[in-house]
Amino acid sequence: MRRVAVFCVDGRFHALADRCPHRGAPLCSRGEVVTGIEVRNGRLTTGPPNALVRCPWHKWDFEIATGRCAVHGRLRVRRYTVRTDGDELVVSLDLPRPWQTASTSHAPG
Amino acid sequence: MLVDSDVHVGYETLLDLCDYLDAPTRELVRHSGTNGLGMPTYPWYHPTGWLRGDTYDRAATEVGAQLPGQDLERVRGKLLDAHDVSHAILTPDQAAAFSILPNAELAARLCQGYNNWLLERFLEEEPRVRGLLVVPAQHPEAAAGEIRRLGPRDEFVGVFLPGGARAPYGNPVYEPLWRTCAELGLPVAVHTHFEGVGIAGPVTAAGYPDHYVEYHTLCGAGMWGHFVSILCHGVFERYSDARLMMMEGGLVPFVGLLWRLETNWRACRSEIPHCVRPPSEYVWEHVRFTTQPLEEPGDERLLLPAIEGLRPWETLCYASDYPHWDFDEPAQTLRRFPVEWRDAVAHANARSFYRLPTPVPA
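These protein sequence lines map, in sequence, to chains A and B. Residue numbers 453 to 561, in the working numbering, belong to the letters of the first sequence in order. Residue numbers 44 to 405, in the working numbering, belong to the letters of the second sequence in order.
Since the hints were derived computationally from the structure, they do not count as laboratory data. Some hints here could point you the wrong way.
Said to hold, decoys possible - Pair by pair, the computed Cβ-Cβ distance ranges are:
(1) A:460 <-> B:56: 33 to 41 Å
(2) A:543 <-> B:228: 58 to 66 Å
(3) A:525 <-> B:402: 39 to 47 Å
(4) B:283 <-> A:527: 28 to 36 Å
(5) A:475 <-> B:314: 43 to 51 Å
All C-beta atoms, glycine included, are put in the ideal place defined by N, C-alpha and C.
Input sequences plus hints: build the corresponding full structure.
See the structure below:
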């Protein structure tokens, strides 16, 4: 069974597999959406709000918009293409082509 | 078949032990402090959470709670049934702190309460779980008494000691504990816990680290100290049936430690005459290691050569460390070992070490 999670971050939709590529944990359904902590220009600050999903098991962070793992250069959570069709969200179970972004639509209203 | 050699359980608050304590200790637990007795704890907090997020309800958990929601039903559902575990060895959570309390007499009484609680709430209810006796390491005579009290019961398969301690466990002060374990045929399991807390020494000689991440990278250091101490003091020479489990101290560091110790032994044997044989010989016969947290080199091919010096096919026992954040999922972990080792690591080594019965097929 494949589980897919849909996020809305900053008005854009993103769809990610509910499976951490590290050890298979339920990344989205039992993980936590968090804001990163970083150092910028020598000062402690936060990253874009709620841009990361944190794995419930080993606490690895993944960028929701790209699926990239913030702590492991080669790991990426599987992404799906999302578009809006009127009032509906349509998630395509194909992987996005390299020339497409994972999310092509903004939230309505 | 799968034996999980490190599953943490615990009460939610010390008040949960009241029914299992003697009356004077109950009074202390209820009336100490501002709202009951507290335990010393780490000065660092894990920045992203101590536990697997899918094992408890964070919204329903009080700030600073110990091991929320890990009752037997949860352990059955999330671990025993979910991963088809035939036996799980239960290790403590906060109760590991009893050994680093300055009040040794109180520690001894709290240990009794905890073991009573564990027996009634877990061990008597579920045949797949076996317990390690929590004993006051800082009071070896009382520890021996507690081992004699409950050690003969089949539900207890060993004695738990934390990595944080006042003195390394090979020191002569611990002789009553080793002697009693030998009398009863019980192994000792030393587990990273409370290094740098209470009466325990700092996690390394470099002094107090600032961050949790430093602590967790270094915390095997307590284990390494006990490992070397027990070998150098000849505990296995005096007690030929003594067994030692090293839990959560890592694997790769022990390889180098053993080489360095053995080199030193050749030159320094006159200082440690009780260590009659090369230390590695005692390790193969008497010492085992839990796998978690299994090191994760960026290049996975480096792992097996790095641990081969520990004879892993003989000495490793799979452990999950459920419900902690560095949980090692069994199938994914065992897959990292050669297939010819898997039965040994998955269950046979632990079954032999803890003298567990072979489960009867359903």
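Results for each hint:
| no. | hint | result |
| --- | --- | --- |
| 1 | A:460 <-> B:56: 33 to 41 Å | 39 Å, holds |
| 2 | A:543 <-> B:228: 58 to 66 Å | 59 Å, holds |
| 3 | A:525 <-> B:402: 39 to 47 Å | 43 Å, holds |
| 4 | B:283 <-> A:527: 28 to 36 Å | 48 Å, violated |
| 5 | A:475 <-> B:314: 43 to 51 Å | 45 Å, holds |
The earlier numbered hint that this structure contradicts is number 4, and it is the only one.
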